[in-house]
Amino acid sequence: MQVNLVDMKTGQSGVISAVEGGQGLEKKLSEIGLHRGRQVKKISSVFRRGPVTVSVDNFQVAIGYGKAVRVMVEVVDDA
Amino acid sequence: MMRRIVLVGNPNVGKSVVFSQLTGSRVMISNYAGTTVEFTRGQLNTESESFEVLDAPGTYSLTPSSKVEEVASSLVDRADLVINVVDATNLERNLFLTTEVMERNVPVVIALNMIDEAKHKGVKIDVEKLESMLGVPIIPTVAVSGEGLKELIDALPRAVNKKVGPLETSDRWSYIGGLIGEVQEVVHRHHSWLETLQDASLRPLTGIPIAAVVLFIAFQFVIGIGELIAGFLEDYIFNGLYEPLLVYLSKLMGGGGFLHDVLIGRLIGGEIVFEESLGVLTTGVFVELGVVLPFLTVFYIVLGFLEDSGYLPRLAVMVDRSMHRLGLHGYSIIPMVLGFGCNVPAALAARNLESRRERFIACTLMAVAVPCMAQLALIVGLVGRFGTAYLAVVFASLFFIWVVLGLIIDRVMPGYTPSMVVEIPPYRIPSLKAQAKKLGMRIKGFLIHATPYILGGIFVVNILYTIGVIDYLGILFAPVVQGLLGLPGEAVSTLLIGFLRKDVAVAMLVPLGLSARQFVIGSVVLAAYFPCAATFTVLVKEMGVKDMFKSAVIMVTTAFSAGFILNLLLDTILPPAYLAIGLVAAAIILALIMGSNSDRRELSDFDRAA
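Residue numbers (the numbering used here), protein chains in the order written: chain A, 56 to 134; chain B, 17 to 626.
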């Protein structure tokens with residue numbers, strides 16, 4: 056199932072499948088370690104329109120709502 | 017010529033710690049991305065050679081898309097040798113930058129830092145294998161304890177330029193993925209209590225109460241302990257020991273005359289009054305050491321703890337939604353928090369914000385509505401005498417200005433503020449030694465930079481009084497100052513001196529014999545009307561002359577409007593407690609009604625692109 060980071064549930068893991076709407080964002084996320092094919096786990100979101108925090112390996116990244124809706128993930132496990 | 021070493025690495029991997037270990041220089045170190053915004057220069061002397069060492073700001077990539085990346089990229093181009101500091105706990109991510117650095121024409125040595133933390137987290141790295149695969153020397157280090165630093169220095173002559181690319185972004189990741197598969201093994205282990213707390217402070221149901229408690233304790237601690245120390249100093253040191261000395265000196269100078277006025281100031285009822293006499297040795301020394309220093313010290317202890325624990329980026333996540341309404345995103349809470357110490361480092365920290373729009377809004381709001389601790393100490397001490405309710409009006413007014421001005425600028429200014437992408441560092445228990453060192457640096461910085469301004473400011477006041485300039489200006493500006501703000505004409509002199517030092521300016525309100533409401537108005541206008549000279553200089557550099565001019569117009573207009581509104585309402589229509597509550601409530605309601613312009617613009621921009 057493919058969803059964006061905002062719709063993904065806290066605690067779920069998924070593999071980044073696409074970054075929509077702009078090369079700039081894809082590049083920025085990729086440099087910080089969130090590139091296509093990378094597995095992420097959603098740690099938290101601050102209400103509906105707040106930032107989403109995901110963890111990757113040993114680091115965590117907080118992504119504001121406006122960008123989090125553009126990051127698509129393929130959910131791998133329904134923990 | 018000395019050969020030049022440049023330290024390059026991701027944000028928050030300990031570059032600055034490596035730098036200070038190599039060069040012995042003292043630099044600011046914190047547990048969040050973006051502590052070093054400008055490069056720092058130092059010197060390393062080995063047995064055979066002396067090097068110039070530059071500490072570049074942390075960056076994820078050398079492709080320049082922000083100011084910080086530009087600085088890092090151009091430093092690498094000017095380097096004779098690069099030490100790439102790599103966070104061993106996040107090897108894969110860090111190697112992205114490593115491969116970019118290796119594509120440039122420069123010999124590289126890798127410092128595999130925080131190797132102890134990696135072991136702790138169950139990350140095993142085959143250093144020898146990685147070394148042979150990459151072809152450059154790799155030295156495991158624990159920079160905070162100095163482990164591996166000697167080996168790092170010994171490895172410098174072995175630095176080589178090994179080409180890996182050039183690679184496209186996705187190829188780069190698959191190349192790195194291949195390396196990681198060969199050299200790294202991760203053992204799964206249980207969450208530590210710090211990690212549980214880590215996640216709790218990011219989830220709204222637990223994170224918001226945590227943020228509220230942290231901020232409340234920080235505020236209470238600074239004000240409470242600050243007052244306690246200041247009171248002790250005033251009673252025992254200043255009144256008990258210092259005053260008799262000054263009385264003697266005053267008598268020696270015959271109780272009057274120009275020199276007496278400058279050094280001791282005016283005697284109030286035949287006595288020295290530290291808050292009012294306005295002499296260099298009386299009010300000057302008292303303001304700097306007796307009032308500002310205690311509050312500033314406590315503030316920097318609290319700030320140091322917040323910085324090094326790694327809490328600030330989590331606070332940024334919690335306030336992100338609200339900050340969007342002001343045309344900013346969560347990470348701009350960091351310059352705001354720093355601003356309460358001193359506006360100068362806060363203006364520098366705004367450099368981490370990506371767009372010119374964000375920097376403009378952040379700098380303007382900070383300069384207008386975030387008073388530095390020096391000024392706050394005086395406000396707390398002097399306005400506090402009229403009662404806590406009046407003090408609350410000062411804070412509430414500044415909060416109101418901060419919110420409403422943000423809402424307005426976000427609407428009026430074209431464009432939008434894109435949402436943030438920030439790394440959240442792990443919690444770390446701050447080391448006492450590092451804290452003491454940082455506190456020492458900050459206090460020393462304050463004493464060195466503030467002393468000439470404080471003493472000079474008081475000296476200037478005396479000159480201006482003596483030659484009658486202040487009386488003249490008082491008459492000239494009386495219509496504005498009196499009509500608009502309800503303050504005596506001479507109050508204009510505090511606005512003049514406020515450009516030198518805001519704390520001295522607040523102290524200068526005392527001899528004017530103001531009522532409670534006048535003191536509140538004076539304090540708010542002084543906080544908002546213009547930054548002090550030191551902050552102004554940095555702001556011009558950061559924003560450019562044109563934006564600074566716009567910002568200054570906003571500041572002056574805001575300050576006088578706020579003063580005028582307070583003059584209309586405070587104690588005439590509303591008692592202070594009601595006014596304070598009303599201002600805070602009005603600001604919050606306005607923010608809720610107006611919503612976030614940036615949010616809407618960013619989403620519609622996205623729809624267009626999609």
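Careful: at least some of the hints might be erroneous.
Reference listing, derived: stretches of chain A covered by chain B, where coverage requires no fewer than 3 residues with Cβ under 8 Å from a Cβ of chain B [said to hold, decoys possible]:
hint: 1; stretch: 57–64
hint: 2; stretch: 82–90
hint: 3; stretch: 118–131
DSBU-like mimics (lysine-lysine), calculated; alpha carbons at most 35 Å apart, straight line [claimed, not checked]:
hint: 4; chain 1: A; residue 1: Lys96; chain 2: B; residue 2: Lys135
hint: 5; chain 1: B; residue 1: Lys140; chain 2: A; residue 2: Lys82
hint: 6; chain 1: B; residue 1: Lys562; chain 2: A; residue 2: Lys96
hint: 7; chain 1: A; residue 1: Lys82; chain 2: B; residue 2: Lys83
hint: 8; chain 1: B; residue 1: Lys267; chain 2: B; residue 2: Lys179
hint: 9; chain 1: B; residue 1: Lys566; chain 2: B; residue 2: Lys453
hint: 10; chain 1: A; residue 1: Lys64; chain 2: B; residue 2: Lys566
hint: 11; chain 1: A; residue 1: Lys96; chain 2: B; residue 2: Lys460
hint: 12; chain 1: B; residue 1: Lys179; chain 2: B; residue 2: Lys140
hint: 13; chain 1: A; residue 1: Lys82; chain 2: B; residue 2: Lys178
hint: 14; chain 1: B; residue 1: Lys460; chain 2: A; residue 2: Lys82
hint: 15; chain 1: B; residue 1: Lys562; chain 2: A; residue 2: Lys82
hint: 16; chain 1: B; residue 1: Lys140; chain 2: A; residue 2: Lys96
hint: 17; chain 1: A; residue 1: Lys64; chain 2: B; residue 2: Lys135
hint: 18; chain 1: A; residue 1: Lys82; chain 2: B; residue 2: Lys137
hint: 19; chain 1: B; residue 1: Lys460; chain 2: B; residue 2: Lys557
hint: 20; chain 1: A; residue 1: Lys82; chain 2: B; residue 2: Lys453
hint: 21; chain 1: B; residue 1: Lys267; chain 2: A; residue 2: Lys96
hint: 22; chain 1: B; residue 1: Lys566; chain 2: A; residue 2: Lys96
hint: 23; chain 1: A; residue 1: Lys96; chain 2: B; residue 2: Lys557
hint: 24; chain 1: A; residue 1: Lys82; chain 2: B; residue 2: Lys566
hint: 25; chain 1: A; residue 1: Lys64; chain 2: B; residue 2: Lys179
hint: 26; chain 1: B; residue 1: Lys135; chain 2: B; residue 2: Lys453
If you are wondering where the hints come from, they were derived from the structure by calculation, not from laboratory data.
All residues carry an ideal CB built from backbone N, CA and C; glycine is no exception.
Going through the hints against the structure:
| no. | hint | result |
| --- | --- | --- |
| 1 | 57–64 | violated (count 0) |
| 2 | 82–90 | holds (count 8) |
| 3 | 118–131 | holds (count 8) |
| 4 | Lys96(A) / Lys135(B) | 22 Å, holds |
| 5 | Lys140(B) / Lys82(A) | 29 Å, holds |
| 6 | Lys562(B) / Lys96(A) | 45 Å, violated |
| 7 | Lys82(A) / Lys83(B) | 16 Å, holds |
| 8 | Lys267(B) / Lys179(B) | 78 Å, violated |
| 9 | Lys566(B) / Lys453(B) | 39 Å, violated |
| 10 | Lys64(A) / Lys566(B) | 44 Å, violated |
| 11 | Lys96(A) / Lys460(B) | 44 Å, violated |
| 12 | Lys179(B) / Lys140(B) | 26 Å, holds |
| 13 | Lys82(A) / Lys178(B) | 25 Å, holds |
| 14 | Lys460(B) / Lys82(A) | 42 Å, violated |
| 15 | Lys562(B) / Lys82(A) | 32 Å, holds |
| 16 | Lys140(B) / Lys96(A) | 22 Å, holds |
| 17 | Lys64(A) / Lys135(B) | 31 Å, holds |
| 18 | Lys82(A) / Lys137(B) | 29 Å, holds |
| 19 | Lys460(B) / Lys557(B) | 24 Å, holds |
| 20 | Lys82(A) / Lys453(B) | 38 Å, violated |
| 21 | Lys267(B) / Lys96(A) | 75 Å, violated |
| 22 | Lys566(B) / Lys96(A) | 44 Å, violated |
| 23 | Lys96(A) / Lys557(B) | 41 Å, violated |
| 24 | Lys82(A) / Lys566(B) | 34 Å, holds |
| 25 | Lys64(A) / Lys179(B) | 42 Å, violated |
| 26 | Lys135(B) / Lys453(B) | 27 Å, holds |
In summary, the numbered hints that this structure violates are 1, 6, 8, 9, 10, 11, 14, 20, 21, 22, 23 and 25.
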